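Each chain, letter by letter, is given below.
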Amino acid sequence: MALMIAAILGGGITHLPQALASREIRFSIGLSLMTSSISTAICILLAIPAAYALTRLRIPCRRLVEILLELPLSLPHLILGFALLVMFSSPWGKALRNAGFPVIFSANGVIVAQLAVNLPLAIRLIRTAFSEVDPRLEVIAGTLGASWWKRFLTITLPLSRNAILSAIVLVWSRALGEFGAALMVAGVTRMKTETLPGSIYLNVSAGNNEMALAAASILLFISALSLGLMALLDRSGRHTRIKETDQIW
Amino acid sequence: MVMPAVSVQNFSLTRGNFRLKNISLEIGCRETYAIIGPTGAGKTLLLEAIAGFYQGCGGRVLIDGLPVAETPAEKRRIGFVYQDQGLFPHLTVHRNIGYGLRMRRIPKDEIDARVLRMAELFSISHLLDRYPATLSGGEKQRVALARTMILEPGLLLLDEPFSALDPATKEQMYRELDRVHQVFGCTILFVTHDFSEAMRLADRIGVILNGELQLVSHPDDLLKDSYSPQINAFLGIQGSDDNDRESAVSIIA
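Here the protein sequences line up with chains H and B, keeping their order.
Numbering follows my numbering, with no gaps: position 86 of the first sequence is 77.
With positions in the second sequence counted from 1, the corresponding number in my numbering is that position plus 10.
In case anyone wonders, no lab produced these hints; they're calculated from the structure.
Predicted model, so just to flag it, every value in this text is computed and none were measured.
Errors might be hidden in some of the hints.
What the hints assert, rightly or not - Which stretches of chain H does chain B cover? Using the computed rule of at least three CB atoms under 8 Å from a CB of chain B, they are:
1. 46 to 59
2. 145 to 154
Said to hold, decoys possible - Capping the alpha-carbon separation at 27 Å, the derived lysine-lysine pairs in DSSO-like fashion look like this:
3. K141(H) to K118(B)
4. K141(H) to K85(B)
5. K85(B) to K118(B)
6. K183(H) to K85(H)
Virtual Cβ for every residue (Gly too), placed ideally from N, Cα, C.
This is chain B alone, in the form it adopts within the complex (with noise of 0.2 Å):
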């Protein structure tokens, strides 16, 4: 039996007011894996607690078969790309891309060498010398991304990587992504409200409704199946007849 690359096993977080309740699920490997929802479902706290960044109060999350909660953060070979990216504001581009390598104490020069082949596979070599407030949407999405890359990370986590982008750019980022996915064949679980950017991008989507993980499915198959009302609404559909599931499937096309 194939080992999932991400499974998630009855796992519950509480935070504040919200809780996850009983979250269960699996991504394979090399899988491309959409969580979408409205806003405060707990899409980003779900993509937290799988990264590890929260000790839930039940259930487990495992990575290649490791419980995260017991995996050193160095160790466990996930990179993490938030909606405003993160990029740290007083490095250049090129500390921040080489950040995590000279964490790791990786010689200088070889940093270098690894920079500049990073920069050069997402076109950003003409930044390198460049802070991020100075850099557009784009290109600080694309840093962000070369930053986490460049430490071949097994998983890939991306929190609404492009909601705050234009139309023509978030196009580029995905084709982007999905150069990244082909060449460093990793898993990537990205948390979106954007319906059409889960359909676009995904292998599978699971939709998160107000902190539960009501339903997995083959984005082919999204608008196929009945749901509850709850769903319904969400997905954009007002009844259950066809009419209604052909209108919400050309809204998202």
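With the rest of the complex left out, here is chain H (with noise of 0.2 Å):
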């Protein structure tokens, strides 16, 4: 791995400030910015309450369901990509470019896969967070007078707080890396649909490895920064449990 990620920084480090000072690549790296954060965005909402009916609800055929939400994560993107193209190309989908919402080669194609990929992985990640809290704590703010809105609010909620501030790192910077499922939907069209990874797909095509080495360290620098903060999180979230527990001890 070390290795790799040699090969790349050696080869990228160098024409960085060249990369950087690219109308392309800055446009590449706002496009990825843009689209992941938006499809976090929409996929932490998402997530958050499925997972919550999937821990807390009765819910009938629950374990198909759950097998039918997950499903995408042990699918080659590549498909995922190709079936959203499918169904965004079927009437529903002109519907939806008439009414003002294209999704097929379009900056929009890049969120939806972005968010097909990785909602699976969000919801079963915070699906974990939420079963990890005692349901009778909620059961007991309920006999305290609290609604089920504030139960999920005031107990549910805070007490997955470092898991979904995870969720919510590692879901960005997977859709920031994210090119199989966007390329089937959205392309990658210079200046329009091309993200970072798009962008290093497009100079390698063109031959232009120095541009794609610096693209590529982009990426690496991003998701480095992005692992670092999962890991201040992590241990934000130790301190604060071992705060809570030092005080007497």
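Make one complex out of these two single chains by using the hints.
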């Protein structure tokens, strides 16, 4: 792994200033940050209620629902992207385009692809976090007069906070690096649907390896930054737990 | 006729493979009532059913004459304290105690004043800024009681409240519960598998075995009457002669 990272950074760092000066690379950084942030926000907003329902509500055929929701995790992203392409090429997809929301070969397609790839993972991560919260605490909050919504807001959510923040960072960094599904749905058109991974692909295709290495280095830096953030969150979570327990012992 | 605080009428409930069968009992206003039984007898399930956590498949539960299943949780005037206290680990003692008041949108100044008063009553004023993980078992139990009693419930339900405490702390908590009963004048229903605890605290005792309420008795009469071999076995009475009863009484005492 260290050799691979060294190979990218070794060739990429020297061309970094040139890459950052390029309008195309700056566009791809901007598009990547924008699409991954939007798709992560939607992803978490959808994953929280879904995970809560899966851990706390009685759902008929729960196992089947879980399998269906998690199936995309084991599918190649290319197939997921192809499925999305078929779906959004249908009359329904065309109606969406006519209504002002084009998906195929547009930046929206990148967001949809990132969402499809990451939603099952986000649901699984948040489901694990919710299932670790003792449901009796919510029952007790209920006996103290908390409504269902207040129980969720004051007990379940704060007790899962660190796990949800870690899920956000992980989903965001995965969205940033998403390529296969996005390629199928949005394609890679210069200065239109060109994300950072798309930029690497285009530059390698054009034989511009220096720029591809520089784009890969940028992606690597952002990933390292998000990993560092995750470690920080984990540390702060542990620190809070230790602070809560070391006041007396 | 005085209305009972709790009236359980032919109540049945199935959870998984376990079934509470046709339970009927009445608990008077301000009475302290213990339900005892071995592990897995259905004590906690009955307590939770009385609190309205589960819908029965037969019969009904009335609290102050109102069907608990049809009364919104916040209007039931029930306090529930679990064996492991169930304190919210992310909130300080102060915020734990004031939780119920915040849910009722009581002004902050009033919450602070009432929390302080309650903390003084339970001798936990020095713990208000601490988190539950830093408290001892007895302290946690006091905080859980303070958090429940701040809402002045008419009915206090306790699920094996003192089972995890050492004998000295247990005795302190018994006195604490007596005081709660005097100060707040509430009806108390608790479940325990500790016979001596039930004898020490309760006005009446119900014995539950395999999901069925087998008998209800005053503590003083519990070991005087004749029961089925199953109940005798639980009560620690080997046979039916007086020597066995006396030895059971002396062990409990």
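Outcome of the hint check:
no.: 1; hint: 46 to 59; verdict: violated (count 0)
no.: 2; hint: 145 to 154; verdict: holds (count 4)
no.: 3; hint: K141(H) to K118(B); verdict: holds, 17 Å
no.: 4; hint: K141(H) to K85(B); verdict: holds, 16 Å
no.: 5; hint: K85(B) to K118(B); verdict: holds, 22 Å
no.: 6; hint: K183(H) to K85(H); verdict: holds, 20 Å
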